[in-house]
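*Asks:* Build out the structure end to end from the sequences listed, making use of the hints.
Line by line, the protein sequences give chains Y and A. The first sequence begins at 1 in this note's numbering and counts up one residue at a time. The second sequence begins at 460 in this note's numbering and counts up one residue at a time.
Warning: the hint list may mix true and false statements.
Calculated cross-link-like contacts (lysine to aspartate or glutamate; reagent style EDC-like; alpha-carbon spacing at most 16 Å) [unchecked claim]:
{"#": "1", "chain 1": "Y", "residue 1": "Lys36", "chain 2": "A", "residue 2": "Glu557"}
{"#": "2", "chain 1": "Y", "residue 1": "Lys343", "chain 2": "Y", "residue 2": "Glu354"}
{"#": "3", "chain 1": "Y", "residue 1": "Lys97", "chain 2": "A", "residue 2": "Glu617"}
{"#": "4", "chain 1": "Y", "residue 1": "Lys65", "chain 2": "A", "residue 2": "Glu610"}
{"#": "5", "chain 1": "Y", "residue 1": "Lys346", "chain 2": "Y", "residue 2": "Glu287"}
{"#": "6", "chain 1": "A", "residue 1": "Lys473", "chain 2": "A", "residue 2": "Asp505"}
{"#": "7", "chain 1": "A", "residue 1": "Lys473", "chain 2": "A", "residue 2": "Asp506"}
{"#": "8", "chain 1": "Y", "residue 1": "Lys65", "chain 2": "A", "residue 2": "Glu601"}
{"#": "9", "chain 1": "A", "residue 1": "Lys587", "chain 2": "Y", "residue 2": "Asp77"}
{"#": "10", "chain 1": "Y", "residue 1": "Lys280", "chain 2": "Y", "residue 2": "Glu354"}
Partner residues are not named here, just some residues of chain A that face chain Y (Cβ under 8 Å, in silico) [claimed, not checked]:
{"#": "11", "residue": "Leu564"}
{"#": "12", "residue": "Ala583"}
{"#": "13", "residue": "Val591"}
{"#": "14", "residue": "Val612"}
{"#": "15", "residue": "Arg613"}
Hints are computed from structural coordinates only; laboratory data are not their basis. In this text, all values refer to a predicted model and were calculated from it rather than measured experimentally. Glycine included, each C-beta is placed from N, C-alpha and C at the ideal position.
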Amino acid sequence: MDSIMSMEAFVSLLNLKAREFLMERNADVGKDIISKLPDSILIHILSFLPIKDVLRTSVLSTRWKYLWTSISNIYFDETSNNFPSGMRASIRDSVNKVFLLHDPSSIQKFRLRSRRSVSRSRLNSWVSTAISHKVEELDLHLPVSPSFKLPDTLFTSDTLSILKLNMEIVFKVPRFTRFSNLRTLSLRKVKFHGNQYAEHLFSACLVLQELVLYKCVLVDTTRITISIPTLRKLEIRRPLPLDYQLYGCCVTVCAENLISLSCKRCAVVELVLSNLSSMKDAYIDEECSGYQDNEFTRRVIEVLGGMHNVQSLRLSYDTLQCLAREKNLQASLPMFHNLIHLKVIKKMYDYTNEEVLMSFLEKSPNVKTLELPEVWVKNIFPQCLKSCIKTVSIAHFEGWYREVLFLKHLLRNSNVLERLTVFCGKDLARDLRKLNEINHELQAIHSCEIEFRKGFKRD
Amino acid sequence: MSKLGQAKRIIFLKTADGQLFEVDEPVAMEFEIVKSFFDENEDAADDTVVPLPNVSAEPLAGIIEFCKAHVEFRANGAAGKDEVKKFNAEYIKEKSNEQLKELILAANYLNIKEMLDFLTETIANRLKNKSVEYVRAFFGIENDFTPQEEEAVRKEYEWAFEGVDED
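*Replies:* Structural data, given as structure tokens:
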């Protein structure tokens, strides 16, 4: 008995020794790691962290105390929920210090997001410092006074590649503006007085590839031209002519190299698409409401006319609904000869007009891939379904009787269909017996590949 | 793919713990240190073994796996696409903090820019909103501040120490 006890004691002692040995070794490994990594790697790690985490590292050890003065990215997001409340002044003083004490190495990215405004002089000095440190990405999203003026040096930066402004400022673009490296420009809620500032800005972007205009306000102007030969991607959402009851403003897009265009709620202005022959894909989401519906519908048809060359088109239910007002849709819709991929998008509660969808498909004689949000009710099938559609997907399917019926009709009418993908709701996905049954019935009609996937497809 | 139907060139690498790795040339050339070895020794024979005295076999195997995939992604024009993100996420998921540190040390020594970018970002993600004690333990940092000095630094950015994750 005694000898067994002492044996156990011996084993536990041994374990203890082994653990101590391992811990020592681990500590050694740790020590080695940190001493072997050069400052540049540690600074690189810091540069991926929000400013709060960065500043906390100053207390790690003396080596780390001032490492943060070299960080290349400054991410300050006051809206994130781990900022303690009631300390805004000292938080901002710290951020100020990051700019004041930054060593001469470059600042690549500066992102600032807040729900409260920052004093004009401070914001100006932060942006100026970022610019003088050769900033490549500047992303500002905060309330400012309308008269806030961005520093002049911003407008001649030759390092700036991405500029994102989400602030309600009157955007005054100085005459000497020249962005020789700006590839992405995103303006949200920015106000342009007259057309000259905006047009001057666009012409000063020598290599711009991507432009986002969201809720930009146009004051004192009825015409504006976006002419950017290098542009490849354009997204316009809810442009607001100041007196938007008039719907009188005309926005012309000239971008011969544009590949992708996205228009959302643009019909408040007259959007003229001219010379967009390179365009490959487009997205359109318009709604009709209010007394100007007929005018809206005409504008939507005009915009679709400018998109007639695309290979891929995403179209919302609302847009189809808006087209329903046109009495002679067959005559006014353009032909989409190049269209290969059509995706119809449904949001929460909108509904569609199936006749319009049919008219649309009749005008798209070469569609190969059709993505639908759900089945349609009437059993009418366009010609392209019979002759060229190879893949169909349904994003939302519960397995109800009428849905299954639709799929059966679809399969009977699709001569060249190769693949049908159906995204099922939770209950149906669990009900393997029912799925099997549906699959069996469908497969008896058509031998194409049929796949049921779990979960609705979201955009 | 090599030009003119030549056989694929293999580079021989030898780790600190004596293991020999045979690596396809385009993958080995991702390592700046190997590339400059051959740049400096232009007349090196094809079967020259490149010694890597600061890297052991385990992290090297991991690094080769990563670089091989990324060389292929680039060749297929998939760089920057979702499948790369998916591979990276999958690759790092099973790696412990210890392994991650071994990898970054090795990637730093071999000087592989793309992988370093990825590893530094991964480490940053693992340190986000973590306490000072956690970060010290992670890197094995010895605190060489006096308590008074540490207190002074903490006081300076008091707000930054509030609301961090529990260890």
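*Asks:* Could you tell me which of the numbered hints above are not met by this structure, giving the numbers in increasing order?
*Replies:* 10
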